[in-house]
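Novice: Line order of the protein sequences matches chains A and B.
The first sequence begins at 38 in this note's numbering and counts up one residue at a time.
The second sequence begins at 38 in this note's numbering and counts up one residue at a time.
Be aware that one or more of the hints could be misleading.
As the list claims (entries may be wrong) - The list that follows gives simulated cross-link-like pairs (lysine-lysine, DSSO-like), each with its CA atoms no further than 27 Å apart:
#	chain 1	residue 1	chain 2	residue 2
1	A	Lys241	B	Lys226
2	B	Lys226	A	Lys102
3	B	Lys138	A	Lys226
4	B	Lys226	A	Lys226
For the record, the hints were derived by calculation from the structure and aren't laboratory data.
Note that this is a predicted model, so its numbers are computed, not measured.
There are 2 protein chains.
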Amino acid sequence: MLDYTHVDGLSADDVARLRAVYEPLTGSVRELIDATIRTEVDEDVVAAAKAEIDSATARLRAAQKDGSFGIQFGAEGDSMPWGNAVIGVRNPTAPPLLIHKEPEGVATSDFYLGAAFEGPPGHVHGGVSAKILDHVLGDAASRPGVQRLTGTINVRYRRLTPLGRLHAEARVTHTDGFKTYAVGHIADKTGITVEAEAVFIEPKWARS
Amino acid sequence: MLDYTHVDGLSADDVARLRAVYEPLTGSVRELIDATIRTEVDEDVVAAAKAEIDSATARLRAAQKDGSFGIQFGAEGDSMPWGNAVIGVRNPTAPPLLIHKEPEGVATSDFYLGAAFEGPPGHVHGGVSAKILDHVLGDAASRPGVQRLTGTINVRYRRLTPLGRLHAEARVTHTDGFKTYAVGHIADKTGITVEAEAVFIEPKWARS
């Protein structure tokens, strides 16, 4: 059984306030990540920047959660998957994806991948595409209150995906008991670059 | 054709010196990412940390490469895939993986995944496992001077992978013309959690 944390007395307003505090911090760290990869400044400037970064880290670590963020819930049911590696608003390594869930098991997202997501020069790392497709297909396959985990995913690369503005979409094709089947793709402005199909499974401990 | 940058006059010593300048910076940003996800400090402390981060970013952006890092080479052939999303020593979003390449198409890696790689509470995001397997299998399938790109990868999740210390390994099963087939897995201390098989393709423009 996974540990979903319900935070007593945290109203929807409190959740919105927390988001307003932490989301800009995460955005600043994302900018820093990009600058760290692309910088060409001299050694002494790097040292000065590093000292400021270490100071910021010490401030933030003055009070911190043990382990990882987990998935927290407010008292009114607000879900906070804020540490998530793909969609987490508090995870600077997430692009993050903002996923639009449509009726009938369809999920779509428009997102931007910069220097942090590179594999082949100027292009998205194949593994990053797989990571994003896993999440978007999983979102298509999920309904509120019904947890699903990836059983298998097959990813097919038609061609290299350029860094920049991209689109992902996924849809459920059918369900069979505790299994949900979904397909999807990533596309750039000229068409599909990567396709995937996956099976998602509702874990035994989540079945009601 | 991909843009591999050869840096004229950059000796092996120069490459080592650059690495010594930038690798500690990247390490500091990785610590900051972890602290950003886990912090519970008050709003005013977050604001103070954010100001330092923004200052560090401005310093680093005073001189920076356009676009992404790419894959650069020194004059003596040293490869610098330093911006890579899985192994890049200048990419704070990479764990990073240090991959040991053994003869006969085998690749292994021991690595640590913390809060930044979370999906289900306390566990590795399924997409992150796929990303890592794509890279480790690809490394097994590659030889110096022979570039390969992922054609397809199939990933099967046996059970959830806990955050923490993990091991990955991959090996080539066979080759068929310009296609190389590889299998591999991720394991925690009690055994295999995720398996993969993939086909890698030597692109037409890289065939000699």
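Novice: Given the hinted pair B:Lys226 and A:Lys102, is their alpha-carbon gap at most 27 Å?
Specialist: With Cα atoms ~25 Å apart, B:Lys226 and A:Lys102 stay inside 27 Å; holds.
Novice: Between A:Lys241 and B:Lys226, does the CA-CA distance stay at or below 27 Å?
Specialist: Between A:Lys241 and B:Lys226 the Cα gap is close to 23 Å, so the pair holds against 27 Å.
Novice: Check the hint pairing B:Lys138 with A:Lys226 against an upper bound of 27 Å on the C-alpha distance.
Specialist: Distance ~37 Å between B:Lys138 and A:Lys226 Cα, so the pair is violated.
Novice: If you draw a straight line from the CA of B:Lys226 to the CA of A:Lys226, is it 27 Å or shorter?
Specialist: Distance ~44 Å between B:Lys226 and A:Lys226 Cα, so the pair is violated.
In the structure shown, a violation is registered for the earlier hints numbered 3, 4, in ascending order.
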